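Please build the complete structure, drawing on both the sequences and the hints.
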Amino acid sequence: MKKFSPKEILMPTIVLFVICVVASALLGGTNMLTEDKIASIEAEAKVQAMQTVMSDAVSFSEEAQASETVAYCEALDADGNVIGYAFTVSENGYGGEIKIMVGVNTDGTVRKLAVLSADNETPGLGLNIKKDSFLDQFIGKVNGIAVNKNAPSGNEIQALTSATISSSAVTRAVNSALDCFENEVKGGAENG
Amino acid sequence: MKYLIALLVMGLLTNNFVLSKFYGICPFLGVSKKLNTAVGMSAAVIFVMLMSTAATYPINQLLIKNDLEYLQTVIFILVIAALVQMVEIVLKKFMKPLYNALGIYLPLITTNCAVLGVVLLNVDEGYTFVQSMVNSLGAGLGFMLAMVLFAGVRKKMENCDVPEFLKGLPITLVAASLVSLSFLGFGGIVEGMGLI
Amino acid sequence: MAEKKSLGKEFTKGLIKENPVLRLVLGTCPTLAVTTSVTNAIGMGVAATIVLVCSNIVISLLRKVIPSKVRIPAYIVVIAAFVTIVQMLVKAFVPALDTALGAFLPLIVVNCIILGRAEAFASKNTVLYSAVDGLGMGVGFTAALCMMGTVREILGAGTFLAGIQDLLVLFGDNVFGGWNGLDFNNALSTIGLQPITIFILPAGGFFVFGILMATANRIAEGRGKPKAELGCTSCPMAGHCNKNKDEKCEGTDKEATA
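Residue numbers (my numbering), protein chains in the order written: chain Y, 1 to 192; chain W, 1 to 196; chain P, 1 to 258.
A hint or two may mislead.
[What the hints assert, rightly or not] Under 10 angstroms between C-beta atoms, here's a sample of chain Y residues computed to sit facing chain W: (1) Cys20; (2) Leu27; (3) Thr30; (4) Phe134; (5) Asp136; (6) Gln137.
Hints in this document: simulated from the structure, not taken from any laboratory. It should be emphasised that the depicted structure is a prediction, and the values quoted were computed from it without experimental measurement. Beta carbons: idealized from backbone N, C-alpha and C, even for Gly.
Below is the structure:
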């Protein structure tokens, strides 16, 4: 090994350090500028999804966390009456977490679904759960929905071709929203 | 426990890092010509993946605590680069045989997106420490499986009469496409085993 | 090295002669992963181009300050900083693109094109040339991604430029009268056809890339240029392969020994 002069050791360290500090400062600055905007976009997307699944609602109550994977809020009409609920459910899909929003009527039937995030599903297969033709199958179904690969009847939905795992993940999510509705929301209302 | 097994199987087969998520394609195409180099490279990748997952987990907790999540990418890649260098030095000094086997691949790993990819994925999915480690192991083993299988395919291909215009990289890519297609068939395994 | 060449040449070389994807075989991961639709391809290409130009400029400015011993970590920090900035801007202004590209947005950090250009060009050339080189390479990258995306989206999903409004939000709502791409699915189903899903699956990505590569090779051959191969020339870490500096870079296709 050659002998290093102090300059040879110090200079690289100092330069690297300065670059790191400047880079962090720049990032901090950008973060300050974009933070609020990003947060508001995320909130907006959620509100939009709520309005999609409960289109009649005028306003929504604060979201309550029912369990680790299920949260819900009440959908209110202009007079403040509860006309349904919007559940946010996360479930394991094919490639990671799927997050969907389920609109549930007061009688316990599914009103409408919206996919909040399904980042790790395969485009062309699992990602097709975002299509209305799949999601609209759930409308009007009640708890205990089953997946059928061929000819769905009654309380069943047709699985997407080659994407049974993603299809059943959505179905599980809807069922757990309905479970939560029966056990917590409805039960809670009767008790209270 | 069931979830951990699912993570491992998914990383290995259904969500294979190389063949279905497209991480680490450069080494997959570049270093898969011979079986021994393929194994050497994959071993180095598994090693670095596990080390960097273990190192970045506590760092990430610190970042979250201080609201500095936006520094994740910068810090993670620096940690990986530093780790690769350190591993190289340590191996050179104390484990000469291992160094001789893995050493040449180590500098190439910093720019292997599979390593940064798995670290970022662990953070995104919010895995616990154990889950992160298992996920990284699954991803690394999946990388190895793809490399080894593909080395075999390429060995066979050497004796094939390939049309002139597909010779070289194009036929390698078409072969990779077929291997990837065969991995599609693993889709039912996770469901069949009732893992999720 | 390139000081005497014209700026125009620096720009166009990235498009065709030294196209990063089809000739230098760099950045294969995003090329395969995000080209399931043209919209994603454009988004990825533009994001990478911005990072490439910015990092080339900064690295070229700092080329005399950065000691060669720490140049790789220094480059990585610069690149990672720009990538994170772009990522935050995308999250704030084009949120749909952030969802679509997923992890591949932060992974621009390890895109070999960017580190490769920093090492091979920006560290040796003046700011203006480096910026133009970055722009040319970025546009070449985007063009190659779009080619892949067009083939895969039309054949695999039966659409073209679907969801383009997600990108156009940058220029306001409903640009081009809210035109959101073409959808051939209805036309196809009337004649009893369906898109070939396999093309947007990973396997289709490899296949289309292979065919595109073969075509590019064919054209290059016609002009007496060598075929594109993976090797030391395209490996940004080649300079760091300290063990084999004089020999061939081991661990790549060019490796000669068993």
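Going down the list of hints, with the structure as the test:
1. Here the hint on Cys20 (chain Y) is kept, as its CB sits about 8 angstroms from the closest CB of chain W, short of 10 angstroms.
2. Checking Leu27 (chain Y) against chain W by beta carbon gives a least distance of about 5 angstroms; that is within 10 angstroms, so the hint holds.
3. Using the Cβ-Cβ criterion of 10 angstroms, the hint placing Thr30 (chain Y) at the interface with chain W is satisfied: the shortest such distance is roughly 8 angstroms.
4. Residue-level restraint check for Phe134 (chain Y) is violated (minimum Cβ-Cβ distance to chain W is 18 angstroms; threshold 10 angstroms).
5. For Asp136 (chain Y), the shortest C-beta to C-beta distance to chain W is roughly 24 angstroms, which exceeds 10 angstroms, and the interface hint is violated.
6. The criterion of a C-beta within 10 angstroms of any C-beta in chain W is not met by Gln137 (chain Y), whose closest approach is roughly 20 angstroms, and the hint is violated.
Hint violations for this structure: numbers 4, 5, 6, all remaining hints satisfied.
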